[in-house]
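> Sequence:
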Amino acid sequence: MNHAELRAFVTVAKEGNLTRAAERLCITQPALSLQLKKLQQSIATPLFERHPRGMHLTQAGRQLLPAAERVLTAMSEFRASAASLNGRVLGNLRLGTILDPEFLRLGACLRLLAERHPAVTFTLRHGMSGAVAADVDAGNLDVAFALGPPGMADLGEQFKVLTLTGFVYRVIAPPNWGGQVRGKTWRELARLPWIGTPPESVHHRLLARVAAAEGVEFNVVAQVDLEPSMMDLVKSGVALALARDSQALRAAHADGIVIADAVDLPAELGVICRKERYLEQTVAAAMEIIAEVWNSDGH
Numbered sequence: 001m002n003h004a005e006l007r008a009f010v011t012v013a014k015e016g017n018l019t020r021a022a023e024r025l026c027i028t029q030p031a032l033s034l035q036l037k038k039l040q041q042s043i044a045t046p047l048f049e050r051h052p053r054g055m056h057l058t059q060a061g062r063q064l065l066p067a068a069e070r071v072l073t074a075m076s077e078f079r080a081s082a083a084s085l086n087g088r089v090l091g092n093l094r095l096g097t098i099l100d101p102e103f104l105r106l107g108a109c110l111r112l113l114a115e116r117h118p119a120v121t122f123t124l125r126h127g128m129s130g131a132v133a134a135d136v137d138a139g140n141l142d143v144a145f146a147l148g149p150p151g152m153a154d155l156g157e158q159f160k161v162l163t164l165t166g167f168v169y170r171v172i173a174p175p176n177w178g179g180q181v182r183g184k185t186w187r188e189l190a191r192l193p194w195i196g197t198p199p200e201s202v203h204h205r206l207l208a209r210v211a212a213a214e215g216v217e218f219n220v221v222a223q224v225d226l227e228p229s230m231m232d233l234v235k236s237g238v239a240l241a242l243a244r245d246s247q248a249l250r251a252a253h254a255d256g257i258v259i260a261d262a263v264d265l266p267a268e269l270g271v272i273c274r275k276e277r278y279l280e281q282t283v284a285a286a287m288e289i290i291a292e293v294w295n296s297d298g299h
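As numbered in our numbering, residues 1 to 299 make up the sequence shown, in order.
Careful, some of the hints might be misleading.
[Said to hold, decoys possible] Using 27 Å as the maximum straight-line C-alpha spacing, the simulated BS3-like pairs for lysine-lysine come out as follows:
1) K38 to K14
2) K275 to K14
3) K37 to K14
4) K184 to K235
5) K160 to K275
6) K14 to K160
Keep in mind the hints are simulated off the structure, nothing from the lab.
From just these sequences and the hints, can you work out the full model?
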């Protein structure tokens, strides 16, 4: 058996589907099938059963999967340690971004990465917090910025998370809605018109937690997937929305937006990767540099 065969086993086990696993590994489906066949022949044990809806692990496969994952993690750690001996970091970093670059301090992060590790190239992919986290989990991204409640409680245990900062989401309302939102509880605010967001959005996830805790259903009258569009709809008098505290204060000063003063939602910004990849040289370099930029007194 070899690294490629073990990686094929683990990837198919996670995806449950040969086509998706082959896409994730960037190889053809016949090549992936051959790797699985060789691995199963080498241990004289079937690892999967074929079903109409995909590939299911056999009992032996379920027992061997944790060991295979440990081997892959150990090999990643070995490669990272070997690469660090000459102090040179190589490779392409696939970085997931969210929100606006200024809030992420993205320019400073990429500048320092380029200065420290000039042999590292990077590819940026922008999306919603939940979407880029899913891409990290699937192996389509190496590292990503992520948003969530304090402690990033809605992220799975498979992620390594470095918390960068905490902030607050405020409820914002159209100008002249002060009487409708000031001093109001979540239960009262939920009855008013709201701008909804897709499930991948942190806004959706935070409000879903409120709805569950308070036993309410928000009166969503519009669905939007971009923060600037949400702000425009609020300014136009359509409905309520969430906004980061800094955005809410700017809009209140510039446009007369009203901020609900009795409720808010604490949140955190972090940078994430899969735990087993944390010691890979490009991943470790990116995570450390992003954390360094955020911990710097210069910001």
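> K184 and K235: Cα distance at most 27 Å?
OK: K184 and K235 at ~20 Å, within 27 Å.
> Between K37 and K14, is the straight-line Cα distance small enough, at 27 Å or below?
17 Å, holds
> Measure nothing beyond the straight line between the CA atoms of K38 and K14; if it is 27 Å or shorter, mark the hint as holding.
Roughly 19 Å between the alpha carbons, so the hint for K38 and K14 holds.
> Take the C-alpha atoms of K275 and K14, compute the straight-line distance between them, and say whether it is at most 27 Å.
15 Å, holds
> Is it true that the CA of K14 sits at most 27 Å from the CA of K160?
18 Å, holds
> Between K160 and K275, does the CA-CA distance stay at or below 27 Å?
5 Å, holds
Checked against the numbered hints listed earlier, the structure breaks none of them; every hint is satisfied.
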